[in-house]
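Participant: Residues per chain are reported as follows:
There are 2 protein chains.
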Amino acid sequence: MYIEKINSPADVKKLDINELEVLASEVRSGLMNRLSKKGGHFGPNFGFVEATIALHYVFDSPKDKFVFDVSHQSYTHKMLTGRKDAYLYDEHFGDISGYTNPEESEHDFFNVGHTSTSVSLACGLAKGRDLKGEKGNVIAVIGDGSLSGGEALEGIDFASELESNFIILVNDNDMSIAENHGGLYKNLKALRDSDGKCECNLFKAMGLDYLYVGEGNDIAKLIEAFKKVKDIDHPIAVHVNTVKGKGYKPAETNKEDWHWCMPFDIETGKSRFSFDGEDYSSLTCDFLMKKMKADKRVTTIVAAVPTNIGFTADKRKEAGKQFIDVGIAEEHAVAMASGIAKNGGKPVFATHSSFFQRTYDQISQDLCVNGNPATLLVNTASVYGMNDVTHLGLYDIPMMSNIPGLVYLAPVNCEEYFAMLDWSIEQDKYPVAIRIPCNGVIHTDKPVDTDYSCINKYKITQQGEDIAIIALGDFYQIGEELAKLIAEKTGKAPTLINPRYITGVDEEMLEQLKKNHSKVVTLEDGILCGGFGEKIARFYGADDMKVYNYGLKKEFLDRYSVEEVLKDNHLTPEQIFSDIA
Amino acid sequence: MYIEKINSPADVKKLDINELEVLASEVRSGLMNRLSKKGGHFGPNFGFVEATIALHYVFDSPKDKFVFDVSHQSYTHKMLTGRKDAYLYDEHFGDISGYTNPEESEHDFFNVGHTSTSVSLACGLAKGRDLKGEKGNVIAVIGDGSLSGGEALEGIDFASELESNFIILVNDNDMSIAENHGGLYKNLKALRDSDGKCECNLFKAMGLDYLYVGEGNDIAKLIEAFKKVKDIDHPIAVHVNTVKGKGYKPAETNKEDWHWCMPFDIETGKSRFSFDGEDYSSLTCDFLMKKMKADKRVTTIVAAVPTNIGFTADKRKEAGKQFIDVGIAEEHAVAMASGIAKNGGKPVFATHSSFFQRTYDQISQDLCVNGNPATLLVNTASVYGMNDVTHLGLYDIPMMSNIPGLVYLAPVNCEEYFAMLDWSIEQDKYPVAIRIPCNGVIHTDKPVDTDYSCINKYKITQQGEDIAIIALGDFYQIGEELAKLIAEKTGKAPTLINPRYITGVDEEMLEQLKKNHSKVVTLEDGILCGGFGEKIARFYGADDMKVYNYGLKKEFLDRYSVEEVLKDNHLTPEQIFSDIA
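Here the protein sequences line up with chains D and C, keeping their order. Note that this note's numbering numbers the first sequence so that position 59 is 59, with each residue one more than the last. Note that this note's numbering numbers the second sequence so that position 260 is 260, with each residue one more than the last.
Okay, chain D solo, but in the shape it has when bound (with noise of 0.2 Å):
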């Protein structure tokens, strides 16, 4: 085996053409143990096996500089920087991320795991390289997929701009995570099918020098297409078309379940994980289906990520013109959500909280300083979410609930969480958002407010005496545990209190609490700084109420376990009690 002598790049180069074809099939073997065990990004990195080995063959890392878009096709390029064993081995996994990571490997520069960043990382490499007079390539690798970010975008004009060495390899695949959208795909398809050579060219009007390779599984056409612009002395965009999937019939057959996946039988394909409980995806798909098929104002609106709310392409086709897929485009998604609900539409648009990250300004001007009744569905927010470093839904309270005129609803189970979607979509006052609950599908027996036009109004959902919770989101679960651990300890109830309304207080019900409770505790699932508890601490701020905020700590988390972060941030209800006793 080849692969077990690849140590750092300088061995893939001791290879010839034909033992580098032997590399890649064995690398591929490598991928295949790892993801059909583990799960992982399939198809981006299936497709880009050979790019990359001809990129490793050709320029020189880590002093040539490789910065990959989204770098979850970067797997092949952690097997050949030293990193082999983490794929080959099973008790290695645990050894890398899933994306770039400098605290890995010298070779990786970033952590990066949102779309459409590597051009303008990457021109920020190489602008540091010209300041201080060095040489060297600098290479961003970014997918077709990634290309309609506005990130993306806004660093490809301004390339041109540098003058000097810089090299954009565009990953073409003709897919996203589902199929691409946007009037840009209809130029690649144009240049593929024209070997390059058609006149109108994207790269070209952005003020880019070009090239095509057709061949983007061929390792030999790579190497040569790549020792041409190798040291080039301005910015040239590379188009490689390559297989998504590529050497796994399932996966080059279904790109879209393809894209990422659990682990999985080699032979028949199929996930070695059911899941057959509920889910809010499909949940969530089933309700705005049967809101659109009853109006049809109401549409869903999407950025790559259809499956976050269970559209898979069967659902999208359904739900016909009123379900828009805007590719990765979160800010013209919330911009155009504005435009829709300001000329009778019901623009209801979800993703995950991470993702939310790129439209605060769209959120802030494009929607709330207009006031229009969009909605928002925030996914993925909280400390059950996703645990990568990159997309972490722990941020999203700071960063929207203070943004005027949005009203942030936070349900606390499932019935409560769909009354609160059919009031937002019917309502013409406010934007809205919603957390969609992520602790699992809760059901309660008890009846539902229908109704949440009077803002800001809390529910207490217990009345008791000297100690009130509130208890937000996700977190009411641990509200109502530590409600009875309370009554349970000292003989008296507590008070529980469903906030429900995250971006105000209600101050009515916070001064009648006054009068019978010394102690409010409060409870969300994010960090603490900016947040919810905050704004009770606040109001209380020059009274004798005592208040316990509890939530996260600020910081980044990478790869945690949600039991050590509870337990870290002093959030089981038995420490809780210990610390308000």
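No lab work stands behind these hints, which were simulated from the structure alone. Hints are not guaranteed to be accurate.
Where chains are identical, the list cannot tell them apart; a pair therefore holds if satisfied intra-copy or between any two copies.
[Stated by the list, open to error] Straight-line distance between alpha carbons at most 30 Å, and here's what the computed DSSO-like set of lysine-lysine pairs gives:
#1 546 <-> 514
#2 519 <-> 38
#3 553 <-> 189
#4 13 <-> 228
#5 553 <-> 315
#6 492 <-> 429
Based on these hints, arrange chain C on the given structure of chain D.
Facilitator: Only chain C this time, still in chain D's reference frame:
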């Protein structure tokens, strides 16, 4: 005068071509009257008079809907839609805002002040129309300077998916506020030079149909072109070449200075205001110039507003390659700054607080997750800053200070500001943001610290008792006044603290304060929700310390009086004293 009889677009349609030409010159007189006395956006409006007249002549607003990008070129639109008096008669100047405003007119659909939003907002109007099965044209008007912004590029890329009527009117005057930057402007030039016939075409590459109008200040030609695209059944870009500042020699000659003007003498073009005091723009420019000359790794980055930190054309030239104007591309600017810092450069990116809103995700993911030592200068972040609803600098503390890993500093005088900036440029550990003071250039003769690496260490500037005032940044001077007032009224001097660090709490000092203080007052120049003071309130939540947080209410203000806002928020020393006494 025709203008006297224009009360709605219907009145424009009654005129013939010759009369429309006269109307154009009357509109310019109206613009001149208001702008020479009150100031405002000069160049964008003078260049777009004919196009606006032609738009209202051909289309039927408000059934046909115009969305103006930035909307600083909408003055003629306002004059033709019932708001002419605000230009013709001094006593009506106050009737209108400087931007489109739905509260003023049914012909305005959005409050817009940030760049690059029009296409996405207009896409929304078009989609809303289609969902309801209605007819009518939707026209996004976007200047070439705004095209480089990520949101605009996302919108243009998406537009082709509409498959129904949609017109993007590109007002190309070959200028941003300063000169244009980025590769796409080379393509606009190629299109202008070829009378729109150049095969390589950015708009076509983004999937759009295309029409070129070379003479964008010729009403007849514009009417002809607009008639061609009226009721078109698919998306099209209409590329119109106009002259910025058209009709006023000084503005045609010096386009950058005349983008926006203070009141001026019409004959000479000279500003009626002369300011010969110190200002932070030129002081910052001088400081950075010196740093850049001493160290070639230092680089200054702006995003289309170079003079916000004093970089006039001559200074930009002097700085050479160490100065980068990325154009409207704030996301790119922050990500690139992270890359530059990663590769050993010392980047400083400056823009307005309101425009940093576009960069939340880049600050979080590209910069802070990676911990690269770039410096961000946050300008006009203050109640004393810009006061249009779309340009407020009141939200950056909740937005930025809760991002993990960022060190956000608030200097209280000129010397501290430059000491912090110097430290930030020279250190290599933290991403640092600094709020440029905005309450006048205040000097101190006391020595200021030069080392800020002991993160979150507050500074006691006056040791006292009972009451501690923690006065952040621009509100430090209010803190000083309050301290004096308390000493006078009570005979006991309070403690005064300059916290310096917005992003953290000096737990040791706050703990110490408990010994001989019973009250803590916090002051911050921004909204309270999610801000600095709430962190102090949380710290003391379960203690006996009384905490009083002062700052602004979470709301959108518009064209406010600072004095009134301060009073409404109980921010005068007298009001605070009466609250806490």
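Participant: Each of the hints needs a verdict: does it hold here or not?
Facilitator: Consistency of the hints with the structure:
no.: 1; hint: 546 <-> 514; result: both (10 Å within a copy, 15 Å between copies)
no.: 2; hint: 519 <-> 38; result: neither (46 Å within a copy, 55 Å between copies)
no.: 3; hint: 553 <-> 189; result: neither (47 Å within a copy, 52 Å between copies)
no.: 4; hint: 13 <-> 228; result: within (17 Å within a copy, 60 Å between copies)
no.: 5; hint: 553 <-> 315; result: neither (39 Å within a copy, 44 Å between copies)
no.: 6; hint: 492 <-> 429; result: neither (41 Å within a copy, 51 Å between copies)
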